[in-house]
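Heads up: the sequence lines are chains A and B, in that order. Position one of the first sequence corresponds to residue 1 (our numbering), numbered consecutively onward. Position one of the second sequence corresponds to residue 1 (our numbering), numbered consecutively onward.
Incorrect hints may appear among the rest.
As a list, the in silico DSS-like pairs of lysine-lysine whose alpha-carbon atoms are at most 27 Å apart [said to hold, decoys possible]:
| id | chain 1 | residue 1 | chain 2 | residue 2 |
| --- | --- | --- | --- | --- |
| 1 | A | Lys106 | B | Lys216 |
| 2 | A | Lys55 | A | Lys69 |
| 3 | B | Lys581 | B | Lys381 |
| 4 | B | Lys216 | B | Lys27 |
| 5 | A | Lys486 | B | Lys216 |
Hint data in this document are derived by calculation from the structure and do not stem from the laboratory.
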Amino acid sequence: MTQLDVRFETVRTINRGVDVAPSFRRGLGITFMLALVGSGARLVIPIIVQQSIDKGLRPGNIDIGFITKLGIIGAVSVFISAYALRMSAMRLGVRAEEGLYTLRVKLFDHIHRLSLADHNEERRGALVSRVTSDIETLTNFFSWGGLAWLLDGSQILAVSIVMVAYDWRLALVAFVVAAPLVFVLKAVQHRLVEAYNLTRVRNATLLGMIGELFAGSDTLRVYDASPHMVKRVRATVRSRADSNIRAGFIGAFLFPSGEVFSVFTVVAVVTCGVIIGPTGGLTAGALVGFVFLTFRFLEPIAEFTEVVDQTQTAVAGLRRVLSVLDTPIGPPAAEFPLPLPTGTLSVDVKNVSFSYGSRLDSQDDDLPVLSEVNFSIPAGQHVALVGESGSGKTTLARLIARLADPTVGVIYLGGVMVNRVANDDLRTRLTVVPQEPFLFSETIRYNLQFAVPLATDTELVAAIAELQLADWFEALPNGLDTHVGKRGGSLSAGERQLVALIRAFLVRPDILILDEATSAVDALTEIRITRAFDRVSAGRTTISIAHRLSTAARADRILVLEHGRLVEDGTHDSLIARDGPYAQMYDAWLASTSAESEVRGV
Amino acid sequence: MSNITTPQATTGSGPNFGLPESESRLKSAYRLLSALVRVHPRLFITAVSGATLFGLCTVASALGVRWMVDEVILPRFNEGRTDTRALLIGAILVIGIGVLRAVGVVLRRGFAGAASWRTAETVSLDVLHRIVAQPSTWHRQHMTGDLVARVGVDSDAAVAVMGPMPFASAVVVMLVVSGAWLLVVDVPLGLLAIVVFPLLLILNVGYQRRIDTHYKTAQDELGLLSEAVHESFDGVMVVKAFGAEMRETERLSHITGRLKDARTRAVILRSTFEALLDAIPSFINIVLLVVGAHRVQSGAMTVGELTSFVYLFTLLIFPLRIIGYVFSEVPHSLSGWNRTRQIVDEPIVADPRASIRLAPSNAAVVVSDISVAYSGQTILKNLSLTIDSSNTVAIVGATGSGKTTLLHAIAGLIPVDSGSIAVMPGGVGMVFQEAFVFADTLRFNVTLGDDISDDIVLAALEVAAAMEFVSKFETGLDTELGERGASLSGGQRQRVALARAIAHRCPVLLLDDTTSALDPTTESIVIENLRRQQTVGATLIVASRPSTISLADEVLYLANGVIVDHAPHAVLMAQNVEYRKLLEAFEHDRREN
Chain A
1 MTQLDVRFET VRTINRGVDV APSFRRGLGI TFMLALVGSG ARLVIPIIVQ
51 QSIDKGLRPG NIDIGFITKL GIIGAVSVFI SAYALRMSAM RLGVRAEEGL
101 YTLRVKLFDH IHRLSLADHN EERRGALVSR VTSDIETLTN FFSWGGLAWL
151 LDGSQILAVS IVMVAYDWRL ALVAFVVAAP LVFVLKAVQH RLVEAYNLTR
201 VRNATLLGMI GELFAGSDTL RVYDASPHMV KRVRATVRSR ADSNIRAGFI
251 GAFLFPSGEV FSVFTVVAVV TCGVIIGPTG GLTAGALVGF VFLTFRFLEP
301 IAEFTEVVDQ TQTAVAGLRR VLSVLDTPIG PPAAEFPLPL PTGTLSVDVK
351 NVSFSYGSRL DSQDDDLPVL SEVNFSIPAG QHVALVGESG SGKTTLARLI
401 ARLADPTVGV IYLGGVMVNR VANDDLRTRL TVVPQEPFLF SETIRYNLQF
451 AVPLATDTEL VAAIAELQLA DWFEALPNGL DTHVGKRGGS LSAGERQLVA
501 LIRAFLVRPD ILILDEATSA VDALTEIRIT RAFDRVSAGR TTISIAHRLS
551 TAARADRILV LEHGRLVEDG THDSLIARDG PYAQMYDAWL ASTSAESEVR
601 GV
Chain B
1 MSNITTPQAT TGSGPNFGLP ESESRLKSAY RLLSALVRVH PRLFITAVSG
51 ATLFGLCTVA SALGVRWMVD EVILPRFNEG RTDTRALLIG AILVIGIGVL
101 RAVGVVLRRG FAGAASWRTA ETVSLDVLHR IVAQPSTWHR QHMTGDLVAR
151 VGVDSDAAVA VMGPMPFASA VVVMLVVSGA WLLVVDVPLG LLAIVVFPLL
201 LILNVGYQRR IDTHYKTAQD ELGLLSEAVH ESFDGVMVVK AFGAEMRETE
251 RLSHITGRLK DARTRAVILR STFEALLDAI PSFINIVLLV VGAHRVQSGA
301 MTVGELTSFV YLFTLLIFPL RIIGYVFSEV PHSLSGWNRT RQIVDEPIVA
351 DPRASIRLAP SNAAVVVSDI SVAYSGQTIL KNLSLTIDSS NTVAIVGATG
401 SGKTTLLHAI AGLIPVDSGS IAVMPGGVGM VFQEAFVFAD TLRFNVTLGD
451 DISDDIVLAA LEVAAAMEFV SKFETGLDTE LGERGASLSG GQRQRVALAR
501 AIAHRCPVLL LDDTTSALDP TTESIVIENL RRQQTVGATL IVASRPSTIS
551 LADEVLYLAN GVIVDHAPHA VLMAQNVEYR KLLEAFEHDR REN
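Chain B on its own, in the form it takes in the complex (with noise of 0.2 Å):
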């Protein structure tokens, strides 16, 4: 079998370096910046483009008031005379700016989105396919839902940034073009209103790094809380029988109360910012308003261009939170990009199949002095076996005994330490204990995807006995068996689970304990249809019934690692006390469970 494809975005368009957590924030700032544009920089510049339209728009806006004050409202009502024209040109700039930037919000906004999405697409694939392509070795050492957190919510986080920033650049268009426009048109009034604008920028970053602080707080508290409700929930035994009810309510309120301070320190200072965003712009509009009126009385500026100003104005102050709100996210998306650069710039681990070789002819398996220690304990110790071509082989031994990391080996599932393994051409086919079914049809669960037809599937699902159930089904292959094969019962997963690996055609066949969960009767059936059809290469069965294990050619008896003893099973009944004693004790087991 060949080994996983390399992923090619990681070598191709993704953006390929880490950050270095010890730069400042707005070079950091910069540099994920950077790296995210250059994914699809088409939308984001689109985005951008919307983003100066629209303000370039909002300035314009204020020439439209300024008209219908200067050209229409003043002369109707000081001087008695209705321009009709000058209406219709107004009525024209008014609609036509409003509307256009209008589109500029809808490219800003929409294009925003798409570049951002897009970006997530690829952050998290390049992340996603890094993660196949490591070995099973390293996926034991992750845990899945750090893995999934990784391609998930690290992803969305890293390229929150994006969002907002159109719109930052919006802000930064506005505020020049308008500081430079009021400048022209009035250069004491200009000069008051360009050095609130800095001010005003000074006030948002410093609020949002305030409650930034507060809302991070809440957070921490927030997971203490979550944490705490877990444990005390699923100790609700402990709890109630030491009748410790109100005592666990006051531990977890005594949480929530600090949530909740934390909470209400953010809503107090949020309030104060609101507030305080809301009076300023007036105040300055006052100020401008009085100052302006000197202005108009010395015949410096008209009363429509003061008007514009204090409309200006207005529509001025909203955008400017956008830039804290861009200084908050910043680190947040840094951390969300940093958790996913750990994961592809991690190089590729060995793959322990690499090093599985080709058997001889006339074996099925050769494993030649094998040892697997995990953590320092030795679970096989300098194994070595042959297993010949169309044999039937029960693994016997206690919990604990090597087992099923005998068959994880030889499946290259884990590394040896030392010794080999070989197979024979064709490759392995395991079906694990827990069998694991995939949220999809039974025909994808059988073909996980391969070209194989239905069939081959339905023989196959035949041998693993699984028609039984299967016949039931009135959609056929193609019934949804649900999350994690939610609508079938463990037996019957087990049997889909068989079934995939008898129709993928493996020659060498591990079932790790995979038949005990059905009844006796059915397994027996199993291992005889198995044993039919599988002309070539082996079948390893862990097994625990003597009525499963007869059924074998021979039988391996494992004890702490090694192989104590290799021979069919009527023998070692007669001959070894031990595995007498061990299969007694299976039996009593399954009784009382």
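Next up, chain A with everything else stripped away, as it sits in the complex (with noise of 0.2 Å):
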């Protein structure tokens, strides 16, 4: 990209930005015409100091009463522009604000809407940091950088102003005197930005040093090594605080270059001044009056350099954050929607493939989860699906319950295609009890509330007892005001499923789908999870996803997939009849459960 590339895009991302979030240009018109009335503060001493000069304090004729008339307009105007000023700053930022709040809700939802493939493990800390680090960024270029280019341009801009006003010939001086030091601060801006870089990169390298330091250290122990590390680790801290020092020293010389130009601008306009006299139309007020205005001129100057690159930093930023909003919501909400028929439902699956690929990555991996999958389930039955992990189990299951949509083919649910049912509709028919269940730090009741939120504490209590589990729940040590912990860590693997159940429960779905937990459970929950299963799938139509086979057993039927594919479809005992890909797994995992491996369950 060329450099005019990048400054419009830069401009483009900024405009998009805008638009997300209009608060952002809401009145900035008149937020910059109060910044300018505001640098008029820093100009009221400059002008006073000349007109006093040249009005009040000529030798031997000092007015007394002009000199304080002029100070109470000066007073005056000080408070009218510091004012000015107030609400220019606090108008931007109120404004800002208000702007990372609307992109920051726009993200929340969004990124929620997202399809599963775009949620997966290593995009979910990018998709985080969408909406804390990055959107920080931005907080933090409003907090200074945006209130930079904001007040210092208008100090700029007026002193300017002023300057011309005062004498043309002064002011170009000042400006061709001054001008060089753009180029000087353009110069070591470059080589800070670069410096600063570096001491980014130290910073993340010793990190992950100290962290692998700790993380790996009984490795490190076992083998004695620790001192080699120790020292490679001592050697990066040194060069990190080496980095930085170099970066604080070139900030350094930044900083009080703005003042060293204004002390040559400030001899240069007096040597002007004195030539050019009274008798080219210069006062000696306006002349000392230009000595304060060169100080003003180059104040913010040398900040700006900095402001730059935040900007840069901030727009970047903006930009991820953007992407983000792009990329398109899956599956996406029905158009017109049609309703669901009343009572429990069939699920058709026709010719579905399906492979994963997200459009957050440039490269898709293009596998193919499910391929060509076609069957019927009546409503009411219950069916297991079978088969070894990545065999595309779970997908079907997802796909069913709308969680992605098939890359090919239809589903169907009581008739229905399911891309054509309103989602609050589906979510209230139909109920997924992942395999992990997923609970929130808090109680019981906030996460059995998650399902339905208006369910009262009778109903929930209603409903554990219905699914006899009435004596777990009453040794929970406060209720439904138990907190389960950090992702619901205070309970045991077997109570979160529980959990889950009876939140699946509540919905009192049409369709239930339920990935079977793998994890080992004590028996006693064991028996709970079997008996609540049990009531909640009754009179529905219920798919489960079977890890153990005495699950699949005692299914109506079994459907099983490998690689993608059905390849057998029936009942237990039928399957096992057929001595296919299903006896065979039978026969392992008997094998592996029971002593006696030759008997089998004919």
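Put the two chains together into one complex; each comes in its own frame, and the hints tell you how they fit.
Encoded structure:
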């Protein structure tokens, strides 16, 4: 990209950001006008110094009355401009906060609607940083850089105007002498940015190394290798400090360069002023005022170089944020939703194929997870999906629940295409119990009400009793108020499954999809889970993803998947009789669970 | 093998006391600062000298302005007299002072940075050395993330207060000198100006305190938000399954709203303060000018002196802010400092490796009657065993039977509650379940910095059956393996870790389920290779494949922390029903996965 393209792209990014969160732009013109008035406070002193020298403090003719009047006018203008300055900074800051709020909320909404393919483990961290650290770069920008653009920009503009108004010749001298500063700053700023980038790289390296040193501490201890590692970390600690000190010195040179230029400019201005003299239409006051103005003029410029850098960081953050908002949500909402028929629903899977592949990545991993799967489940039937891990069971269940849409093929629930069903309708009629039930770090009540927000305590307790879990529930320390700990960590894996089952039961869905957990649970909990599951699934179309073949054996019908294809479909007995893949799996499972491996459950 | 070297820094150069929380802020700030300054006093003093130069030049620059007004500008305009010599002196004065002032700034900023970064270096190395000196027992009780924070951000935070300190001291110099100067030139005007300094200082400090509470609230809300966002995105399956997208967005928006409110309050306060800070000096300057006009009229001072007063005042406003800033940094630095001290002041825990004895000749490992319990739960119970030299032993048992704990105890990574462990001289090499690969070259990952020749490294890789993929590396042993060995597969990482153990020629090798990530053929090759090259010592392998186990000379069958049986695989298969069932279950699990 050429530099022009980069600039164009930057402007486009900013425009899009403003479109997404219009608060950024609202009243910006007025804010700038206020800032311009606000810079007046910094001009008042040079102007009254000029006025009093020229008109009030003439040698042998001190006009106290005039100076007092001047003082009053000055005080009033200082008050007004200070008020304008406050309003301007406040408007910018408050609007920025509103804009960032809007941006965050839009991100939450969008991210929650992204397809599960965009939500996998690797991308989750990135999504979290979009709403946290990337937006924070924008916050930092607005609280400093953005304010500097506004206030410093208006100060430079206002001072320049007054300078030209006093004497265009001196103004020209000041501009010409100060001009090289821009080049100096540009050259130094370039090096400063590089130096700071280096410090960031070294910092990351160091943190990585320390992390390694501690995470790998067992390994290092076994081989007594800690001293070697410590030596390396020491070197990195040193080089990180070195790079920071270097960046600090570059900054230290950059910072006073504006002041150095201003003393040269002042000398040039005074010299020229003396040459021009009163005959050239200049007054002593204007020249002294000019000295003050020159300092004011160059004051903000050094800061600007850092502001430019910060602006670039902020635009990069904004770009990442916008790219998330540009990722299409999936699956898309039905445009003209059709109602689901009442009562228990059938499930028809017609010619379904599916491959993951995220739109957040440039390269797609297009291995098919499911290929041409066809089957029908009559309303009320309990079907078990069986297959080795990676055979596509979980994906198939997700497609039926419309957590993703098939790449090819159609799924019907109760005869209605699932992508034509309104999401709210679908979520009250179909419920999924995932393999690793996710609980929020809240109370049991919160986690149950997550399914049905309006459920009362009585209803919750009744549901628990209906699932014959009253004994378990009564043993909880605080009943519904029992806190489940971080991610449900205070409960056992089995108890988390119980909560997930109750949660699903509360929805009273017509279709239940259960991804059986693989984690081992104690015998009592196992019995409770089985009992509760039987209650939950009774009278409902149930699809269970069976990891234990004992669960499969209890289903009305078994579907066997292999590498994304449906290879067997039938009752347990018929599949055993066929002696196909299912029978082999069952054999192996029996062998592992009973000593008498020759017995086959025929 | 020798013990880990004791850190030098903790005993010598480092500041070595913690700061009690009960002290007053000023007092603890003083103690913190004096502790920090003492680490690299020269750098800090240079920074303070630079700052002093800056402060003096700032006051002196007003003299330049006075000269220009009184000796150059006014004579020219009021008397029509052009004094070239005065102009030259003025130019030298203004430029000279300006350049000196800039030099002061460079020294101040540059060396303040140098002093704080060098101090941060010392503080973080103190912490690092202490952590490394602690044995694995201690490490098990600490989170890696927390330890990294102590060495990293906490150490940085501890020194943060040093950065603005030289500037703050320059401000004090500036205030004193300019106050004195103002008084010398004109007593009433000087008094007027001097009264203002403390007022501005109080305004600054008060503002900083108030804004800090807003920033703190905002920071807390941001922490809550980030936590909630993590949770919500992690639970996206459940959110979608119950159609709760809108509700979750609302919940997060609520927290975001609180963050916005806290920030908005800060913005309003800050805008008001900035405006005040701009206005107050201007007001005072106006008063100075009006009162000064009387003084000029009465002949007490010149126009140039009055102008330089006004000029000086505009210069002093910004630096006053730094004092408020230093005050706000103190609590932050203090908590960082205390967190680093917690680690440094912690006594070194006894290293379980120190209690490992030397085994009698002919025995590789002798375990006598050891028991290990974690939080009340017995893991190993009165376990004894002797493993003869040049034996390969498979350790077999269900999950939770104590296999890994036994290996860790033999390696001296965990203490035993009773009993004793002895291994043959030369020590123990261990390969863990999760092979740890460092973000470095293949060579370093095998040698871990020890002086081991490339020939030995290559031979070790050969034995570990790693050459099949290593030979494809274009850069050979110099190949960078990436963070945590990201460029390798799980099985490849394990083989690199195995080569590490082999290259270190430890007579006793402990492999904790190391080879299970390999395919059965490669696993068998590795075990065979190990048997062949292990002429002295012994290899203990936690294994689950019958094909692997059958290669071992004998099998230790563990259940619930005790050795149930100790015999060759074939014997156990024939005689022990439980053992056979367990192996069949292993086989099934593998097929499932």
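Of the numbered hints stated previously, which ones are contradicted by the structure, given in increasing order?
Those not satisfied: there are none.
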